[in-house]
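There are 2 protein chains.
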Amino acid sequence: MAVSAGMVKELREKTGAGMMDCKKALSETGGDLEKAIDYLRQKGLSDAAKRTGRTASEGVIGSYIHPGGKIGVLVEVNCESDFVARTEEFQALVKDLAMHVAASNPLYLRREDVPEDMIAREKNIYEVQAKEGGKPERIVERIVQGKLEKFFQEICLLEQPFVKDPDLSVNQLVSSVVAKLGENIVVRRFQRFQLGGQ
Amino acid sequence: MAVSAGMVKELREKTGAGMMDCKKALSETGGDLEKAIDYLRQKGLSDAAKRTGRTASEGVIGSYIHPGGKIGVLVEVNCESDFVARTEEFQALVKDLAMHVAASNPLYLRREDVPEDMIAREKNIYEVQAKEGGKPERIVERIVQGKLEKFFQEICLLEQPFVKDPDLSVNQLVSSVVAKLGENIVVRRFQRFQLGGQ
Chain Y
356 MAVSAGMVKE LREKTGAGMM DCKKALSETG GDLEKAIDYL RQKGLSDAAK RTGRTASEGV
416 IGSYIHPGGK IGVLVEVNCE SDFVARTEEF QALVKDLAMH VAASNPLYLR REDVPEDMIA
476 REKNIYEVQA KEGGKPERIV ERIVQGKLEK FFQEICLLEQ PFVKDPDLSV NQLVSSVVAK
536 LGENIVVRRF QRFQLGGQ
Chain B
356 MAVSAGMVKE LREKTGAGMM DCKKALSETG GDLEKAIDYL RQKGLSDAAK RTGRTASEGV
416 IGSYIHPGGK IGVLVEVNCE SDFVARTEEF QALVKDLAMH VAASNPLYLR REDVPEDMIA
476 REKNIYEVQA KEGGKPERIV ERIVQGKLEK FFQEICLLEQ PFVKDPDLSV NQLVSSVVAK
536 LGENIVVRRF QRFQLGGQ
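Top to bottom, those sequences are chains Y and B.
Note that the first sequence covers residues 356 to 553 in my numbering.
Note that the second sequence covers residues 356 to 553 in my numbering.
Hint data in this document are derived by calculation from the structure and do not stem from the laboratory.
One or more hints might be untrue.
Just so you know, same-sequence chains aren't split out, so a pair can sit in one copy or run between any two.
As the list claims (entries may be wrong) - Here are the simulated lysine-lysine pairs, DSSO-like style, with alpha carbons at most 27 Å apart: (1) K519 - K535; (2) K519 - K425; (3) K478 - K379; (4) K379 - K486; (5) K502 - K519; (6) K450 - K425; (7) K486 - K502; (8) K369 - K505; (9) K490 - K505; (10) K505 - K450; (11) K486 - K390; (12) K502 - K490; (13) K490 - K398; (14) K364 - K390.
Extracted from the complex, chain Y is given alone in its bound form (with noise of 0.2 Å):
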């Protein structure tokens, strides 16, 4: 078994440990990573048992309550240098974001995101809508793709209208601001709490 220095690097990330041990351990566990920061903390080796990845790229965490403190909204978004993550306009955008997060309410990221079984169960309703509406059947399919398009657009984050300027996507927003600062951003996830909420 091979022990790249890739494996041992990470290896080393997660645990602190040193590289010949680490080198040792990913030997005596046949190169399995979990295994081997177990092996390397039953020596007493690693003491960082929650010892989170090294950060990945550069970015802001932004958040917005609510007046009231009953909806309150994280955000992440990445970028590319830690310039431009300082710069007011990616700050603006991140603020913005958190912003129309709390206020519009989406349930995911991008339509990659939605369960495939939510899907099937808004299509079946839209099919059984139109047919009930009288509907010809060789229409029936354009109307659901239609009414899902609009359901995406309702529920995802990226493809949603901006609160603030609703002739504009996110995404499009997001694109503006790239455009601006010349770097690619991400927004990588979010979290809305309301009170009482799921």
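With the hints as your guide, set chain B onto chain Y.
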């Protein structure tokens, strides 16, 4: 199939449909709430694809962004009345809790939330450590239990030492505010974002 008033109420809250429509939907679907929601939507009697349940309790959502914007926290703390939620003491507690989560990085709210396999893995490590450390068999179990207690105190918010006064656990901090305000207070959930983290 008898349709109870409680079921009708819940369906109304979830769909915004009228009482008679909700009754009909429930009896048509044998009292299955999810099916009744679909039924109402198929009939066009509920426009609320994503209406959330009514708030179950009072309280406040608080946030904390660590200077630099690389760590952010959202926390929900519940109490019994909006009056208490607005008090200075309660708001200070929420702020302290958010700041504590940023600093101490708990992984779970309480020990009941820690997955069984994570506990088993820890126990195994402690056991091997104790045995390799030459501890006599008869006290290994006690050592493992002691270390497991420390592990819970490390990763569970309510058991962590409060960052601003480590003589107190977070649970004790909450209890002290309960005693002061005379209302039950529950830390309901938290979310911690670290830039580039999980």
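Against the structure, the hints come out as follows:
1. For the homomeric pair K519 and K535, the shortest alpha-carbon distance inside one copy (19 Å) is at most 27 Å, but the shortest distance between copies (42 Å) is not.
2. Proximity of K519 to K425 under the C-alpha cut-off of 27 Å is found in both arrangements, the shortest distances being 21 Å within a copy and 26 Å between copies.
3. With identical chains, the CA atoms of K478 and K379 are at most 27 Å apart between copies only, with a shortest distance of 23 Å across copies and 55 Å within one.
4. For the identical chains of this complex, K379 and K486 are inter-copy neighbours only, at 21 Å across copies versus 67 Å inside a copy, given an alpha-carbon limit of 27 Å.
5. For the identical chains of this complex, K502 and K519 are intra-copy neighbours only, at 24 Å inside a copy versus 52 Å across copies, given an alpha-carbon limit of 27 Å.
6. In the homo-oligomer, the alpha carbons of K450 and K425 lie at most 27 Å apart both inside one protomer (18 Å) and across protomers (14 Å), since each shortest distance falls under that limit.
7. When the C-alpha separation of K486 and K502 is checked against a cutoff of 27 Å, the pair qualifies only within one copy, where the shortest distance is 14 Å, while the shortest distance between copies is 63 Å.
8. In this homomeric assembly, K369 and K505 come within 27 Å of each other (Cα to Cα) only across copies, at 21 Å, whereas the closest approach inside a single copy is 43 Å.
9. In this assembly of identical chains, K490 and K505 lie within 27 Å of each other by CA distance solely inside one copy; the values are 19 Å within and 65 Å between copies.
10. Taking the shortest alpha-carbon separations for K505 and K450, only the intra-copy value of 26 Å comes in at or below 27 Å, while the best inter-copy value is 39 Å.
11. For a Cα distance limit of 27 Å, the shortest separation of K486 from K390 across copies, 18 Å, qualifies, whereas the shortest one inside one copy, 57 Å, does not.
12. Only within a single protomer do K502 and K490 lie at most 27 Å apart by alpha-carbon distance; the minimum there is 14 Å, versus 67 Å between protomers.
13. Taking identical chains as interchangeable, the C-alpha atoms of K490 and K398 lie at most 27 Å apart only when they sit on different chains, with a minimum of 14 Å there against 71 Å within one chain.
14. When the C-alpha separation of K364 and K390 is checked against a cutoff of 27 Å, the pair qualifies only within one copy, where the shortest distance is 16 Å, while the shortest distance between copies is 52 Å.
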